[in-house]
Amino acid sequence: MYNFKNVLPFLDEVNYEVLGNENNVSFNEAVNLDNQHETSIIWLKSGLQKNEIIANFIICNSVEGIKVDFNKQTILIVENPKNIFSHIVNGLLVKKKIATISKNCEISEFAKIGTNCSIASFAYIGDAFIGNNVQIKEGVIIYDGVEIGDNVIINAGTVIGADGFGYSKNPNGNIVKFPHLGGVIIENDVEIGANVCIDKGSLGNTILKEGCKIDNLVHIAHNVVVGKNAFVIANAMIAGSVTIQDNAWIAPSVSVLQQLNIGANSLVGVGSIVTKNIPDNEIWVGSPAKAIQKKN
Amino acid sequence: MYNFKNVLPFLDEVNYEVLGNENNVSFNEAVNLDNQHETSIIWLKSGLQKNEIIANFIICNSVEGIKVDFNKQTILIVENPKNIFSHIVNGLLVKKKIATISKNCEISEFAKIGTNCSIASFAYIGDAFIGNNVQIKEGVIIYDGVEIGDNVIINAGTVIGADGFGYSKNPNGNIVKFPHLGGVIIENDVEIGANVCIDKGSLGNTILKEGCKIDNLVHIAHNVVVGKNAFVIANAMIAGSVTIQDNAWIAPSVSVLQQLNIGANSLVGVGSIVTKNIPDNEIWVGSPAKAIQKKN
Amino acid sequence: MYNFKNVLPFLDEVNYEVLGNENNVSFNEAVNLDNQHETSIIWLKSGLQKNEIIANFIICNSVEGIKVDFNKQTILIVENPKNIFSHIVNGLLVKKKIATISKNCEISEFAKIGTNCSIASFAYIGDAFIGNNVQIKEGVIIYDGVEIGDNVIINAGTVIGADGFGYSKNPNGNIVKFPHLGGVIIENDVEIGANVCIDKGSLGNTILKEGCKIDNLVHIAHNVVVGKNAFVIANAMIAGSVTIQDNAWIAPSVSVLQQLNIGANSLVGVGSIVTKNIPDNEIWVGSPAKAIQKKN
Numbered sequence: 001m002y003n004f005k006n007v008l009p010f011l012d013e014v015n016y017e018v019l020g021n022e023n024n025v026s027f028n029e030a031v032n033l034d035n036q037h038e039t040s041i042i043w044l045k046s047g048l049q050k051n052e053i054i055a056n057f058i059i060c061n062s063v064e065g066i067k068v069d070f071n072k073q074t075i076l077i078v079e080n081p082k083n084i085f086s087h088i089v090n091g092l093l094v095k096k097k098i099a100t101i102s103k104n105c106e107i108s109e110f111a112k113i114g115t116n117c118s119i120a121s122f123a124y125i126g127d128a129f130i131g132n133n134v135q136i137k138e139g140v141i142i143y144d145g146v147e148i149g150d151n152v153i154i155n156a157g158t159v160i161g162a163d164g165f166g167y168s169k170n171p172n173g174n175i176v177k178f179p180h181l182g183g184v185i186i187e188n189d190v191e192i193g194a195n196v197c198i199d200k201g202s203l204g205n206t207i208l209k210e211g212c213k214i215d216n217l218v219h220i221a222h223n224v225v226v227g228k229n230a231f232v233i234a235n236a237m238i239a240g241s242v243t244i245q246d247n248a249w250i251a252p253s254v255s256v257l258q259q260l261n262i263g264a265n266s267l268v269g270v271g272s273i274v275t276k277n278i279p280d281n282e283i284w285v286g287s288p289a290k291a292i293q294k295k296n
Numbered sequence: 001m002y003n004f005k006n007v008l009p010f011l012d013e014v015n016y017e018v019l020g021n022e023n024n025v026s027f028n029e030a031v032n033l034d035n036q037h038e039t040s041i042i043w044l045k046s047g048l049q050k051n052e053i054i055a056n057f058i059i060c061n062s063v064e065g066i067k068v069d070f071n072k073q074t075i076l077i078v079e080n081p082k083n084i085f086s087h088i089v090n091g092l093l094v095k096k097k098i099a100t101i102s103k104n105c106e107i108s109e110f111a112k113i114g115t116n117c118s119i120a121s122f123a124y125i126g127d128a129f130i131g132n133n134v135q136i137k138e139g140v141i142i143y144d145g146v147e148i149g150d151n152v153i154i155n156a157g158t159v160i161g162a163d164g165f166g167y168s169k170n171p172n173g174n175i176v177k178f179p180h181l182g183g184v185i186i187e188n189d190v191e192i193g194a195n196v197c198i199d200k201g202s203l204g205n206t207i208l209k210e211g212c213k214i215d216n217l218v219h220i221a222h223n224v225v226v227g228k229n230a231f232v233i234a235n236a237m238i239a240g241s242v243t244i245q246d247n248a249w250i251a252p253s254v255s256v257l258q259q260l261n262i263g264a265n266s267l268v269g270v271g272s273i274v275t276k277n278i279p280d281n282e283i284w285v286g287s288p289a290k291a292i293q294k295k296n
Numbered sequence: 001m002y003n004f005k006n007v008l009p010f011l012d013e014v015n016y017e018v019l020g021n022e023n024n025v026s027f028n029e030a031v032n033l034d035n036q037h038e039t040s041i042i043w044l045k046s047g048l049q050k051n052e053i054i055a056n057f058i059i060c061n062s063v064e065g066i067k068v069d070f071n072k073q074t075i076l077i078v079e080n081p082k083n084i085f086s087h088i089v090n091g092l093l094v095k096k097k098i099a100t101i102s103k104n105c106e107i108s109e110f111a112k113i114g115t116n117c118s119i120a121s122f123a124y125i126g127d128a129f130i131g132n133n134v135q136i137k138e139g140v141i142i143y144d145g146v147e148i149g150d151n152v153i154i155n156a157g158t159v160i161g162a163d164g165f166g167y168s169k170n171p172n173g174n175i176v177k178f179p180h181l182g183g184v185i186i187e188n189d190v191e192i193g194a195n196v197c198i199d200k201g202s203l204g205n206t207i208l209k210e211g212c213k214i215d216n217l218v219h220i221a222h223n224v225v226v227g228k229n230a231f232v233i234a235n236a237m238i239a240g241s242v243t244i245q246d247n248a249w250i251a252p253s254v255s256v257l258q259q260l261n262i263g264a265n266s267l268v269g270v271g272s273i274v275t276k277n278i279p280d281n282e283i284w285v286g287s288p289a290k291a292i293q294k295k296n
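So the protein sequences, as listed, match chains A, B and C.
Just so it is clear: in the first sequence, position 227 is 227 by the working numbering, and no numbers are missing.
Just so it is clear: in the second sequence, position 111 is 111 by the working numbering, and no numbers are missing.
Just so it is clear: in the third sequence, position 110 is 110 by the working numbering, and no numbers are missing.
Accuracy of the hints is not assured; some may be wrong.
You can't tell identical chains apart in this list, so a pair holds if it fits in one copy or across any two.
Said to hold, decoys possible - Mimicking SDA-like on lysine to any residue, the simulated pairs with C-alpha atoms at most 25 Å apart in a straight line are: (1) K228 x V78; (2) K82 x F129; (3) K82 x D246; (4) K228 x S168; (5) K228 x N174; (6) K169 x A264; (7) K96 x N32; (8) K177 x D12; (9) K177 x N116.
What the hints contain is simulated information worked out from the structure, not anything from laboratory work.
If we strip away everything but chain A, and leave its shape as in the complex, we get (with noise of 0.2 Å):
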């Protein structure tokens, strides 16, 4: 059990204040609003709730609002209670696993992998360059030539550096296949979703920058260039060599087409086609994508 004296380290640079009982009330479980316990920590997004609040440690940005027992509940308020809330949870109740190589995985002998990492069964790493406390879930695949980070997670069934999509016509109509001898460099922080595939580049490489993240099921092609911090969500297409700056958010099921620049901290809806560059700070939507405003 934890309480509030537990909090305290996650709090450091953080303003908060603190109601109700700070003592004698304890907490075992992160759970959301539906399924409280006494014994939970929640967060509330704001102070209209219909659910009654039972959960005794409550993380929030007012007290208003809510119907609290300042007897029997702890009432942390801060102005991200989200953030605060996750800092928490991963710091007490996320349970840490031990960096483990399964004895059902391959590594070629030629690898390199730093310490601390996890490389799960059924995965296969070539000849690669792996940082520290990196974690290689079930079943991914990474070719030999590609160079990643430390605190890197790879989700489960994804390919990191096979051969690009590149294929040229003959004269004669007979396709002859670009030759793809580039690599992919995964920088420190990224995290990568699971059944996703990351082509290597064809002549340079496929770079996804510092602590960037990509969801399940994205295709990001040869030679794409993945911004610091960016965000590429679930089943989105990256065509070859397109460039996404820092900070720019691509939501869903968006298509961007080849060799396009996608400008930092700019933000593209759910489902668009992307097919002209897209400037720093704007939001674009739509089949083809085009601006609807500045983003503050």
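Here the structure of chain A is known, so what remains is to put chains B and C in place on it, guided by the hints.
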């Protein structure tokens, strides 16, 4: 070889009429019209057929317009030929494989597996609960905390129970990962295609209710609920916390934005982008999707 | 190191002109313009190049507008520089891997495998027929009844021959599974991307004809036919019984509704939703897709 006598057990509670030769006609293969031989069983959509019918055993809803030889062929007249054909062929001609646990899969010692289950090669089962008569195909990954009912089929390469895509940003711009502590509940008679991703709930559960069917390459995000006998067809993207009610039909390549409700018995057309709640019994199509009619 | 003498065998039946220094100039790496060194071979789209050209070996269609040093560089003038570059680089610089059957794959004792095939780790091959010079990459699943020709490449995580998505409802609302007894036929020189799904035919076959190319994360449903040298690009969804004629080009994220015919030499633009048959030699775009012009 089978003949009308073997078919009889599949006609309980079905209104039927049999024409032609019931006794001396037999079949041993189910094919479509383009591939028929004398020893075939076939079904017809309607009586207007450009192909000559040579198959020995014909299931249709009327003999009108069909040229057959009553001495050589058995003609079974039923209201729903496709259903009856499926029942007969599934019963007589589809080989039942003996339930087998492959020596090349990996199962956690804490997993609970019911009777008569098949778990194929390169599948990984964590601390999950699996019912009876379940088929887990090659390369399927099932994580801790997943609960699977009876008669469930999960096709190759599908990942069930990976962390959802949940992040928020600190005021300093740093990305915080939201904790993923929920599970996945898959009820009886669910079938899931190949290379599908079904993320676990963040704090509650992701739920696939009884009899629902999920096609290939579908993304089901955290905390989604798919209703009874609902269909989600290939390449669809269902974002976090969406509820799809019973008997809804989500056509291929549809995207549904987060937290929406898709009504019971509704139909969403191919490639639609759903940005609003859909009431029961309606047909919605387009980008953004709009109601086009009530479903009858 | 290679020089013009090594390149000569790739210029049979090609009209070319060679300028600059043919003899004392050599290369050992193929790169793009951004990554060139003196020891590079490169190709140029056109004569207008912002980058300075320092690569020793340059393939282009005209020397006009390019600043080169005829004493230090070899310039090969051809009509189609990209094709010739591909031929030379594939021949000289792309490492040929020796065909290997991994000790970590599983192959049915009833499978028939030709000569010079590679089958990688965690691949599963059922009772299938596989020709010569076939590359089956990591984690590929190939079911019973699949027939594969010569020189086929199937990338990691792809599933070939799973049951299609075919159901009908009984009058009482119960769902009946349509039997899936067909196969998959993959002809010579086909290449298939990663995490693709190619379902088997329900009663006939799903067929990928000679030389067609399928990109990552594509769904090919039961009984689809993909024509000779046709291209189906990433994240496309081809529904049941669609026929794609020879040399058609299906752009990324396209959805094609069931039983449609996509004409020979047609082109369907990115993200299009195809709801009607497309005649030969036309370009269709949009949702629903409409003809925008004849292809020349």
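Exercise. Can you give the numbers of the hints that this structure goes against, from lowest to highest?
Worked result: 1, 2
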